[in-house]
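Trainee: Sequences are here, hints too, so could you generate the full structure?
Chains as they are written, first to last, in this note's numbering: chain G, 1 to 342; chain R, 1 to 377.
These aren't lab readings, by the way, just hints derived from the structure by calculation. Predicted model only: the values in this text are computed from it and were never measured. Virtual Cβ for every residue (Gly too), placed ideally from N, Cα, C. Treat the hints loosely; a few may be bogus.
Computed far set for chain R versus chain G, every beta-carbon distance over 10 angstroms [to be verified]:
1. Phe38
2. Glu86
3. Glu87
4. Ala209
5. Glu272
6. Ile314
7. Leu334
Straight line, CA to CA, 35 angstroms or less: simulated DSBU-like cross-link-like pairs of lysine-lysine [stated by the list, open to error]:
8. G:Lys268 x G:Lys326
9. R:Lys275 x G:Lys207
10. G:Lys135 x R:Lys212
11. G:Lys14 x R:Lys275
12. G:Lys14 x G:Lys100
13. G:Lys206 x R:Lys275
14. G:Lys209 x R:Lys275
Which stretches of chain G does chain R cover? Using the computed rule of at least three CB atoms under 8 angstroms from a CB of chain R, they are [unchecked claim]:
15. 86 to 98
16. 121 to 128
17. 211 to 217
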Amino acid sequence: MSAQSSTSAQPVLKTEDLVLYFRTTKGVVQAVDHVDFELDEGRAVVVIGESGCGKTSFAKAVLRLLPRNVDTYTGRVYLDGEDIMELDDEEFRLRIRWAKMSLVPQAAMNALNPVLRVSDQVAEPLLIHDRQVTKEEAFERAREMFGYVGVPESFLHRYPFELSGGMRQRVAIAMALITRPRLIILDEPTSALDVLTQANIMNVLKKIKWETGTSYMLITHDVATSSELADDVAVMYAGQMVENSDAESFFSEPLHPYAKMLMAAVPKLRGDEELEFIPGQPPSLLNPPSGCRFADRCPFRFEKCDEDPPLFLVGDRKVKCWLFEKEAQGVYGTQPAVATGD
Amino acid sequence: MAEHESSSSTVQTQKRARPQSTWERLLRYTVVRLVTLFITVVIGVYLTILIANMGGYVDEIRRSQIREQIAIRLQNDPAFRALPPEERQKRIDAEVAVEEKRLGLDKPFLVRSFNYLKHALTLDLGRSENMTSDSGSRQVRLILLERLPATLVLFGTSQIVLFALTLYIALYLSRHYGSWLDRLFVALSPLSSAPGWFYGIFLIIVFAAWLKILPFGGMVSVPPPENPIRYALDVAYHMILPMMAMTLSSIFISVYSWRTFFLIFSSEDYVEMAKAKGVHPRAIERRYILRPTLPTIITSFALGVIGVWMGAPIFETIFNWPGLGRVLFQAVQLFDTPVIVGATVIFAYLLALTVFLLDIIYAIVDPRVSVGGGQRA
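Mentor: See the structure below:
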């Protein structure tokens, strides 16, 4: 569990300088802006940040699920050391999609085709990616997965509209698990569910993680619920990754001023301090400021903040803030680096 | 379905009870549906009878026509002219009364309207007022039936060809959203604001009058070819212009709307999931876009086919096409109520039948449509 292992093992997922811009009528939206990120095997990273900060776009960029209005899509995405940005669409579809990376979508309510039986949809990836599997075997696996996520087997051959919201979400998780992928990306898997079902799903996810060693990327704005599952925490702000730390250190002491204020806004069970909020609004991604994007709302702002900070390495943690320039051991990634410490 | 539910005994007992009640519900649903549709047909046909008779005013027109005809006929009789005026008036009144009794015009309109309704609903379409069929019959049934094939050949063929073509192009464009072809179709869609006959006139001017390569109208050459194959080819040759006119007037707007329809459905979450799952793009189109939208596609096709049956009066007139549309056009001009009512009755029955079939097809195609109230075990 110690962060020490992260330096030796090859990361499951690594992005370098990942960029995803969208074209809109108002201009280009810089949804994912030069993101450097890595996730080690068997770990779960929680990507947090407020709405519209580019969390979901980051997931889509990794999964290559691009909408029609893509403006720029560049950078490197390594999956088990292989640069998957190099693959053409057909290779990507056959070798990466669901074979190595699967997705539990934001609104699992609509993630199932309403006119196909649940069993067909859960078994489908197996039939696509494993040529040897027969239909019966695929259904057998689907049945197994249903048991795993806690949906009664009698629901296997039902239609999605016959299932409750929590069940559909679990079916979506079963679907994500069936090919035993290396990485599962969960995009706010519990945000539409009630608290009990949320807890239930989180337990299912924890169990799966212990038993299968799958890596997770959990995108959420629900810091409290996700903290149970997290090994690492990545904080996004205005399209950029501003902090990437192990969970233990992050939850005890976040580094980036934005992360600090974000954590101060999370309600705690005990203690009667008033919840804080962050004054101001995140900058528009249409035309973001050239320096640090949080500078306008930051209480620690100084002259240096007019320049774009790189990701500083502080121990094993990475933080995109000039405050850590002094204590940093170096700079991480391939940022368009403004020279540091000359 | 029951085979899968063998996991637990409680589910099994529920299951065993279900098929029976499903059939019962299906039967009840069918009966209720048929009765409702029949009531709709009755109301529709009765309204047509009222309208085609102008609420009884057509009777007045016919009465004065009868009086005029009898007066003219009697005027030509020298013996009649020799009578004194009161006698002449009496003779005319007497003959008018006989003729009106023969035609049933002596009874009040309300009574006769229900007689019409009964005849219409039992498909006893009766005899026309003035019109004759192409073979010389006064039977409304024959007048309509003899024209039916011509309409079906032209409009049926065009409808099927156009529909298939439209869906194909629309799918292609939804795949290539924003391409120059896509923008071309969108830009040309206002062309569909003009009806087919409008383009027909221009096409006739260009291809028949000016270039002289296609016929002005009609269904076959005069005299018609003896050889059946050459006859078919000749009909096809005469169909080129009408089909071009129909295509021009409808294809752009329908491609535009279907393409938009497919675009909306291809941004559903489950389509994106299918993509993330690595489903082949063709399979996505088939299973995740076409399959869920099948009910809409079927409805649109079925309603299009019903529309075809009646032909298009003005369109057939422009192209001199001997179809039902023209019969109806003539019947309206001649106040030939039995023909108008006859055509409407058949149309109403066809519409009801189609709606009924659609209900059944829906239940088969879309699992969300559960029969009879939708409470499932």
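Trainee: Work down the list of hints and note, for each, if the structure agrees.
Mentor: Verification of the supplied hints:
1. Phe38: holds (31 angstroms)
2. Glu86: holds (81 angstroms)
3. Glu87: Label holds. Min Cβ-Cβ 81 angstroms, cutoff 10 angstroms.
4. Ala209: holds (47 angstroms)
5. Glu272: violated (6 angstroms)
6. Ile314: holds (41 angstroms)
7. Leu334: holds (51 angstroms)
8. G:Lys268 x G:Lys326: holds (32 angstroms)
9. R:Lys275 x G:Lys207: Within the cut-off at roughly 27 angstroms; holds.
10. G:Lys135 x R:Lys212: Answer violated: Lys135 (chain G) to Lys212 (chain R) is near 62 angstroms, above 35 angstroms.
11. G:Lys14 x R:Lys275: holds (22 angstroms)
12. G:Lys14 x G:Lys100: holds (14 angstroms)
13. G:Lys206 x R:Lys275: It holds: about 27 angstroms lies between the C-alpha atoms, which stays within 35 angstroms.
14. G:Lys209 x R:Lys275: Answer holds: Lys209 (chain G) to Lys275 (chain R) is near 25 angstroms, not above 35 angstroms.
15. 86 to 98: holds (count 5)
16. 121 to 128: Contact hint for the segment 121 to 128 of chain G vs chain R: holds, 3 residues under 8 angstroms.
17. 211 to 217: violated (count 0)
In terms of the numbered hints stated before, the structure departs from hints 5, 10 and 17, listed from lowest to highest.
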